[in-house]
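Q: Residue numbers (our numbering), protein chains in the order written: chain A, 3 to 288; chain U, 404 to 634.
To be clear, the hints were calculated from the coordinates, so they are not data collected in a lab. Just so you know, even glycine gets a beta-carbon here, dropped at the ideal spot from N, CA and C. Keep in mind that the hints are not guaranteed to be accurate.
[As the list claims (entries may be wrong)] Listed next, the in silico SDA-like pairs over lysine to any residue satisfying Cα-Cα at most 20 Å (straight line):
hint: 1; chain 1: A; residue 1: K215; chain 2: A; residue 2: R185
hint: 2; chain 1: A; residue 1: K215; chain 2: A; residue 2: Y253
hint: 3; chain 1: A; residue 1: K215; chain 2: A; residue 2: G188
hint: 4; chain 1: A; residue 1: K215; chain 2: U; residue 2: E581
hint: 5; chain 1: A; residue 1: K215; chain 2: U; residue 2: G580
hint: 6; chain 1: A; residue 1: K215; chain 2: A; residue 2: Q187
hint: 7; chain 1: A; residue 1: K215; chain 2: U; residue 2: E439
hint: 8; chain 1: A; residue 1: K215; chain 2: A; residue 2: A184
hint: 9; chain 1: A; residue 1: K215; chain 2: U; residue 2: V438
hint: 10; chain 1: A; residue 1: K215; chain 2: U; residue 2: E451
hint: 11; chain 1: A; residue 1: K215; chain 2: U; residue 2: F436
[Said to hold, decoys possible] Across the chosen pairs, the derived CB separations fall in these ranges:
hint: 12; chain 1: U; residue 1: R458; chain 2: A; residue 2: G242; range: 48 to 54 Å
hint: 13; chain 1: U; residue 1: G506; chain 2: A; residue 2: Q25; range: 49 to 55 Å
hint: 14; chain 1: A; residue 1: R57; chain 2: U; residue 2: P615; range: 27 to 33 Å
hint: 15; chain 1: U; residue 1: E451; chain 2: A; residue 2: R119; range: 39 to 45 Å
hint: 16; chain 1: U; residue 1: E555; chain 2: A; residue 2: G106; range: 36 to 42 Å
hint: 17; chain 1: U; residue 1: V577; chain 2: A; residue 2: E56; range: 46 to 52 Å
hint: 18; chain 1: A; residue 1: C275; chain 2: U; residue 2: A536; range: 50 to 56 Å
hint: 19; chain 1: U; residue 1: S475; chain 2: A; residue 2: D93; range: 39 to 45 Å
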Amino acid sequence: MRRRPVAGVGIGLRAEFGQELLQSDRTVDWLEIVPENFMGRGGAGRRLLHACRERWPIRAHGVALNLGGPDPLREDYLESLGDLLAELGGDTFTEHLSYSAIGGRYYHDLLPLPFTREAAEHVAGRAAWVRESLGHELLLENITAYARMPGSELPEGRFIELALREAGAGLLLDVNNVYVNARNQGVDPLAALEALPLELTRQIHLAGHHRVKQRWLDDHGAPVADEVWRLFAAALSHTGPVPVLIEWDNYLPPLDRILDEADRARAIVAAVCAPPPAERARELWA
Amino acid sequence: MTLDRFFEAAALCLDGRPWPAGGARPADQDMDFYVEAAAREGPRLLEELFPLTRRACARWRPGRDLWPELASAFSRAHGSRHWDPNARGSELCAFLRAQWARGAELPPALDDLADYEWRCHLLAVSPAAFDPARERVNPNLSLQAYSPSILEWVPALAPCGAVPFPLLVCLFRVGEGEVRWLRPSPAELGALALARGEIDAGALADNGLTGPALREAAGRLAELGILGAAQ
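Let the sequences and hints guide you as you build the complete structure.
A: Structure representation (C-alpha cells):
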C-alpha cells in the first residue's frame, strides 16, 4: 500500500454521513477514523472505509490503547491495530496521553494521569514501544481533564514535554482541550496554550464544546467556538502549517456544516501561515 | 503517592467507592465527573446495541419502564473487560435469563430478543467475507430457536399460519450489506444442513425430503445469499 502523506484540513469519518461524503465534491484533504470502530470488523463500515480510502488519505486516532494505564498493553489489540494501519497505508498513528483501564476493567473514557515524573516516564516507555512495534510516527494528544490528579508535581506542559521527548513522539495539539481545561481551571487560555511544548506539534485538532452548569465539556458536539478559532490562529503562529482535523462526533449537523468548519480552518491556516511577500517572490522566482 | 498507589485508589474511586484515606486526593466534586460518566456509559451503550429490547422494557407495563433499572443492574454486574465497549453486549442475554431464574418480572422472551439483537450486531460487523462462487455456505449465518413470544416484539418475524415451537430463525448477512432473516421451511433446513455437512442425503430421505425438494430449497437459499454456488 502506497503511503500517502496527510496535509491540510481533514474531518472525522462517521457512518452517519459516509455515503453523502462519497458523493460530495467539496474539498476534504484527509479523513480520520477511530480505529476501534473498524478493528476486526467487516460489514458496511468496512465497505465505507475501503471506498473512502480510494479517495482520501486516512489516519487512525485511537481511544482504547490505554497507553498510560497500569495493565500490560494488549497484544490482541496491537495486532489488530497493526493490521488496520497496514490497510490504511499511513505513516502516523495518534492516541492520547491518558489511561482508560485498570486491572482489566475498561472505563471507556480518557482518564487523566497525575502530572509526575514517574507517570511521564511510565507512559513514555510504553509509547516508545508502541511506536517501534507499529512502525509509525506516534502523536499523543493533550486531553481534557476535569480533575487534577493527586500528587501532581509538574505543570501540564512540562509533563507533556517530558513524556513526548522520552517517547520520541510528537504532540497532537487539541486546541479545544486547551481552551476547555483553561476555562475549567480559571486560567488564561492563551497562556495555557503557550505553556505547552508547541514546537513538538505535528497535528492539530479542533472541536466544539458545551457549557453545562459550571463546567465546560469537550463533547465534540457543537461548532468550534470563536475563542477556540482565535486560539487556533495563535497556535499556528507557533507551529506553522500542520495537518488539522475537525472533530464532530455528537449531535451531528448536516455534512455541509462540518465541511464549512473545515473551510474556515483552511482559510485560517492560509492566512496565518502564508509566507511573507519576499519569501513568496523567491519561491515564484525559483 | 506512587503511580501504583494512584491506580489502586483511582480504580476504587471509579467504581463509586471513596478515595482511600491518607495521602493527597482529588476534589470529590471533580472525580464525581468521571464516576458519573462511567456509570452512564454502560446503559447508554446497551441502549444503542439493544433498541428493541429497550423498547420492549418500556412498553410492557404502561407507566413503568423496566429498562433503566435493568441496564444499570447489568452495567454494575458486568464491568467492561474489553477495549471494544460493544463486547459487553454478549452477556446481556445470559444476564436476563439469570434475572428470570431469580423470579424477576420481565417481558416474555426478553432474553430471546436480546439474543436476536446481539446476533444481528455480530453478523453486521463480522469480518468474514462470503464468496458465493467458491463457498458452499455463507459464514455470516446464525440459526437460532426462539420462543414464539418474540413475535410480540419483532412482529416482522411472524409466519403465515400457526407458530411452531420453537420458532426457528435464520439470520444472515448479504455481502457487506444488511442483516436479513428467514424462517426456513423443513426443506430449506434440510438443504442447509446438507450443505454444512451436518446430515447426509439418506437421512433426509428417511424424513421425506428427497432430491427435487432439496434442490429447489437449495436454489432458493442460494438466491437469498445463504448458500453459495459450490453447494
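Q: Confirm or reject each hint.
A: Okay, the hints, checked on the actual structure:
no., hint, result
1, K215(A) <-> R185(A), "holds (13 Å)"
2, K215(A) <-> Y253(A), "holds (19 Å)"
3, K215(A) <-> G188(A), "holds (15 Å)"
4, K215(A) <-> E581(U), "violated (42 Å)"
5, K215(A) <-> G580(U), "violated (43 Å)"
6, K215(A) <-> Q187(A), "holds (15 Å)"
7, K215(A) <-> E439(U), "holds (15 Å)"
8, K215(A) <-> A184(A), "holds (16 Å)"
9, K215(A) <-> V438(U), "holds (18 Å)"
10, K215(A) <-> E451(U), "violated (27 Å)"
11, K215(A) <-> F436(U), "holds (13 Å)"
12, R458(U) <-> G242(A): 48 to 54 Å, "holds (52 Å)"
13, G506(U) <-> Q25(A): 49 to 55 Å, "holds (54 Å)"
14, R57(A) <-> P615(U): 27 to 33 Å, "violated (50 Å)"
15, E451(U) <-> R119(A): 39 to 45 Å, "holds (40 Å)"
16, E555(U) <-> G106(A): 36 to 42 Å, "holds (38 Å)"
17, V577(U) <-> E56(A): 46 to 52 Å, "violated (22 Å)"
18, C275(A) <-> A536(U): 50 to 56 Å, "holds (53 Å)"
19, S475(U) <-> D93(A): 39 to 45 Å, "holds (44 Å)"
When each numbered hint is compared with the structure, violations occur for hints 4, 5, 10, 14, 17.
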